[in-house]
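Visitor: Listed below, chain by chain, are the residues.
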Amino acid sequence: MSMDLSVPETWRVKGPLYRLEAARCKTCGRIHYPPMPACPYCGSRDLERVTLPSEGVLESYSVVYAVPEGSRHKAPVLLGLVRLGRVRVVAEITDADPSELRTGMEVEAVLRRIRSDREAGIIRYGVMFRPKLKGGSRGG
Amino acid sequence: MEVYITGVGLTKVGRHFDLSLRELAARAAFEALDSARIDKVDAVVVASTLSYREAGQFDLAGHLAGALGLKGAQTLAMEAGDASGLAAVEAACSLIRAGSAERVLVVGVDKLTDYVSSRVYRDLQRLYEAEVQALYDIGHAGVAGLLARLYMERYGVGRDTLSYWPAMDHSHAKHNPYAMLPFAIDPAAVPRALKVAEPLTLLDSFPLGDGAAALVLESEPHGDARAKVVLATSAAGYPSFTMNEDPLAPESVGEVAARLREVTGIAPANVDVIELGDTFTSIGVILAESLGLSKPGRAAVDAMEGRFTLGGDGPVVNPSGGLKARGHPVGATGVYMVGELALQLSGEYPGLRVDGARRGLAVMASGDGSSAHLVLVEGVA
Numbered sequence: 078m079s080m081d082l083s084v085p086e087t088w089r090v091k092g093p094l095y096r097l098e099a100a101r102c103k104t105c106g107r108i109h110y111p112p113m114p115a116c117p118y119c120g121s122r123d124l125e126r127v128t129l130p131s132e133g134v135l136e137s138y139s140v141v142y143a144v145p146e147g148s149r150h151k152a153p154v155l156l157g158l159v160r161l162g163r164v165r166v167v168a169e170i171t172d173a174d175p176s177e178l179r180t181g182m183e184v185e186a187v188l189r190r191i192r193s194d195r196e197a198g199i200i201r202y203g204v205m206f207r208p209k210l211k212g213g214s215r216g217g
Numbered sequence: 615m616e617v618y619i620t621g622v623g624l625t626k627v628g629r630h631f632d633l634s635l636r637e638l639a640a641r642a643a644f645e646a647l648d649s650a651r652i653d654k655v656d657a658v659v660v661a662s663t664l665s666y667r668e669a670g671q672f673d674l675a676g677h678l679a680g681a682l683g684l685k686g687a688q689t690l691a692m693e694a695g696d697a698s699g700l701a702a703v704e705a706a707c708s709l710i711r712a713g714s715a716e717r718v719l720v721v722g723v724d725k726l727t728d729y730v731s732s733r734v735y736r737d738l739q740r741l742y743e744a745e746v747q748a749l750y751d752i753g754h755a756g757v758a759g760l761l762a763r764l765y766m767e768r769y770g771v772g773r774d775t776l777s778y779w780p781a782m783d784h785s786h787a788k789h790n791p792y793a794m795l796p797f798a799i800d801p802a803a804v805p806r807a808l809k810v811a812e813p814l815t816l817l818d819s820f821p822l823g824d825g826a827a828a829l830v831l832e833s834e835p836h837g838d839a840r841a842k843v844v845l846a847t848s849a850a851g852y853p854s855f856t857m858n859e860d861p862l863a864p865e866s867v868g869e870v871a872a873r874l875r876e877v878t879g880i881a882p883a884n885v886d887v888i889e890l891g892d893t894f895t896s897i898g899v900i901l902a903e904s905l906g907l908s909k910p911g912r913a914a915v916d917a918m919e920g921r922f923t924l925g926g927d928g929p930v931v932n933p934s935g936g937l938k939a940r941g942h943p944v945g946a947t948g949v950y951m952v953g954e955l956a957l958q959l960s961g962e963y964p965g966l967r968v969d970g971a972r973r974g975l976a977v978m979a980s981g982d983g984s985s986a987h988l989v990l991v992e993g994v995a
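Top to bottom, those sequences are chains S and B. With my numbering applied, the first sequence corresponds to residues 78 to 217, in that order. With my numbering applied, the second sequence corresponds to residues 615 to 995, in that order.
Keep in mind the hints are simulated off the structure, nothing from the lab. In this text the structure is predicted, and so the values were computed from the model without any measurement. Wrong hints could be hidden among the right ones.
A few chain B residues facing chain S, derived, Cβ under 10 Å [as the list claims (entries may be wrong)]: (1) 761; (2) 763; (3) 836; (4) 877.
Here are a few chain B residues that face chain S, going by a calculated C-beta distance under 10 Å [claimed, not checked]: (5) 728; (6) 731; (7) 734; (8) 767.
Quick look at which bits of chain B chain S covers, simulated, 3 or more residues with Cβ under 8 Å [unchecked claim]: (9) 741 to 748; (10) 788 to 794.
Backbone N, C-alpha and C fix where the C-beta goes; we use that ideal spot for every residue, glycine too.
Build out the structure end to end from the sequences listed, making use of the hints.
Guide: Here is the structure:
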């Protein structure tokens, strides 16, 4: 079962996907994610790469049952709208039961496997968010 | 220069396992050409979003022109995600207004049922930013689910209230012979249906269906005109729903509504009939409120109170059944909308008819909300 993951693509996106690299506009001061060649707010090309904070707040979430092919074993996928400082990121939520999710809860970034290509052996990792651990470790 | 809609062809949205992409397109195209009483056009504009992924045909517009017997026509393929159909109408109007063509056939076609749903979901996920965002398994409905929860919590709107939006679509669709799901639903059934992207269920989501719709647009009415296109415009490049300052008020939709007021002096709430691109319940209420049809947080309540149906005090919204019940054969949908509005204005619409309607509006946003498309049509009688 080929899932057509691209090796160069997987390598190219490591900044935003592994390290939450975003872009800050030097003209309007706003930050956007994922980084674009020009600022989506003001159009300026004068941008610098910044790393987003790894802790934030869950502004909204969805439990997704209509999961695309190649990932149906993951169903349901927990999806979060996460506020990291001044920026919102849409990413998967992990290490959580759907019933424990609440808007306003604190979450933290962890690196997890998103998909793998069984034929070619490519594994795509990316930042996901989990409920923030209080004190002790949950083994994540 | 005026642009007249002289021909309309619509096929019933559904599972057309027996028809190929070009056979389906031909049904709509031939009906449009026959109803305009012409057999030659200067240009063919084809709207299709998923057809390369689902039918594997490059240069679809060129191949379709040949398959439809339209030798010598210039062709243009339009792909603008959910709004390809409205983008194609905009392009066709530009060709006519620029004097490059006098008669243009617009064909919108997509087939979503040749493969299993999960494959189509994977393809539909590419309506979102595909270099990073869609590498996650966000699904085709995930972002709409995030927006639904945000909406409910901000405005204190209950799940049961939200259900009146798709119930409105379905109650309109039961009269539409072209609707994929022409039956009414009980709003109480919506939260209990199969979960798609909580809090949204299958009854909040457009069905996967095949469809084709076609229009003939002409610079001269020839006495057969159904309606004329007054404005066809679009605005792209805005922050997506989730990047926008307020995810529930997309700037792109605000911009096309402002252009409508500037160019025609008309506010969306003042037209007689509106077809909205409500891919999901949350997107429907966000569009209605961004256009000023309802106050923020009120669109589902207004739908519940019958404001958007016949006899209500707002414009009639989605007499076709909307994307929920007429269906959303993605690239074709905008062409359906404009065709349905043209038939409404000429008094020929076979579904829920808005008597005396003079103006009709079609509005869609792209999947992620970063662009919006708007077409205003007016009766010619």
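Visitor: Now tell me if each hint is right for this structure.
Guide: Consistency of the hints with the structure:
1. 761: OK, holds: residue 761 (chain B) within 10 Å of chain S, min 7 Å.
2. 763: With Cβ-Cβ at 5 Å, under 10 Å, it holds.
3. 836: violated, 44 Å
4. 877: Violated. Min distance 24 Å.
5. 728: violated, 14 Å
6. 731: holds, 8 Å
7. 734: holds, 9 Å
8. 767: Result: holds, 6 Å to nearest chain S Cβ.
9. 741 to 748: holds (count 4)
10. 788 to 794: Coverage by chain S is violated for the segment 788 to 794 of chain B (0 residues, Cβ < 8 Å).
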